[in-house]
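Q: Based on these hints, arrange chain B on the given structure of chain A.
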Amino acid sequence: MSTRIASIASNTFREAVRDRVLYNLIAFALLMSGAAILVGQLSIGIERLVVINLGLTAISLFGVVIAIFIGIGLVSKEIEKRTLYTVLSRPVQRWEFIVGKFLGLAGTLVVNTFFMAVGVFAALYYVSRHFQMADGWLLVALYFIILQFLVITALALLFSAFSTPVESAVFAFLLFVIGSFAQDLRGFAAMAHGATRWLATGAAYLVPNFSSLNVISSVAHEQPVAGSLILSNTAYALLYTGMALCGAVLIFERRNLK
Amino acid sequence: MAAIEILGLAKTYHVGFWRKKENCALKPLHLSVEEGEVFGFLGPNGAGKTTTLKLLMGLVFPTTGSAHILGMKINDPTVKARIGFLPEQPYFYDYLTARELLEYYAELSGVAPKDRVRKVGEVLSRVGLPDAGNLQLRKFSKGMLQRVGIAQAILHDPKVLFLDEPMSGLDPVGRREVRDLMEELKQDGKTIFFSTHILSDAEALCDRVAIIHLGELRGVGAVADLTSSVEGKVELVWRGNALPASLTALVTECHISGDTVRALIPEHNQDAAMEALRRDRLPIISLTPVRTSLEEYFVDQLRPSQAAAGMKS
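Chains as they are written, first to last, in my numbering: chain A, 29 to 286; chain B, 60 to 372.
Just so you know, the hints here were simulated from the structure itself, not pulled from any lab data.
Note that this is a predicted model, so its numbers are computed, not measured.
All clues given are correct.
Just so you have them, the derived chain B footprint on chain A, three or more residues with Cβ under 8 angstroms:
#	segment
1	36 to 47
2	114 to 127
3	274 to 285
Note that CB positions come from ideal geometry on N, CA and C, so glycine has one too.
Bound conformation, chain A alone:
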């Protein structure tokens, strides 16, 4: 990786930290502590299930919100504030800028997820007083959540390369919601006929398949995750992320920075 990409990535990470993005960790810690105490008192026998479901879903939603809201501003904010001019007038290629920005935000989200995951494990320990082997699958669920973040960050960057921040946020959120129901969309496509079938099938395969990256419910029920799913999800997310980033680079390479 070039030094320039690493510099841009580390500066993006530093910006997120200094903009107090990681303050959401405090909110998350308070939410998890409160929830753990509450479910410990209310739910008998399913405390673990509730804590895992609540914790991992919150990690996913917090991360998606951060990925979209920072992701859409990664390029547009730099253009609007003209900070990009002093970067691109140096020996920095436009693709290096996009990749550096992506890696910086991805790094922020990984650190964010790590600390939130510590909170979930702490809450889990609080309610059950021990860990068990099946809790290891939580790490796979967390890994899939990070893959979701990579896809959504790349999509936010792609949209922000050609549209306004508000439009980018709307597009990215819509894709996240539709992608979370991608399996249902595929099911609907299979049942439809004629042009509707073709359109629904096309849309189902075009949107990111976030539903296959969501194994929160199964790991909460202590069900293992197949190795083949881990491999296929990894390949799918990396390919989708790569394509979205290539799209962002292609658009940004041709963009006039007025």
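A: Showing chain B alone in chain A's frame:
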């Protein structure tokens, strides 16, 4: 070899919802700046100065034409390591300190890690901010940000500097300091291409200037050549208390004070005016040439009717 060579660079934006309306920001521009030269790019707001600089920096893409800096095409990444750019009204990452920002730019410019800290310290001192390195940029005044802007432009010791309105936002002392710094950079052999609408700065600093208006080049040359190209005037002073009828057609401006008359006369009317005074037996006190200022030349070039006639290269 020319440090900067612009060959018919032009930019037209397509605007409107369907992008069918054309907005010509820069008409084909031909310009050459020699190495070691301080070149002023003058024009009123919206003339096309910033568009030209953005084209040269690769921030916007030309509709037609090309440009070379130090003999290399402007989209060649190696040329970027040898140029410095100060955008108009620069804004930087305000969560960083001045030192962190300059270290970041030094990394991007390929400054060796062992030299970074030293170079950042040196450049901060050079722009008059030796004690502000550890202060976050959000706490900086406009003038201090302009100095940081200049610091980041010269940090990596570039051969060619592009400065967009470098004096903007500075108080008179700050402007003087930047002028002195530009003189120093010229002494160091740097080529400086700077845009400004402050003509006194251009007059004091530039070897040559170009005047641009409505995206069109109106004149290029050394300040002295440009100002002498405009027809000069003379101030004729004689003893009297009125403007004789024979002179009214020859004089452009006239002031009478006591028994002295001062009149501004175009150079080509000089002989006729003196002859008229002799005929009327009015004693001539003095005849002084009036130098045309760059400002007068500038205003003259902005008049649409003289656009074509004023071209000079």
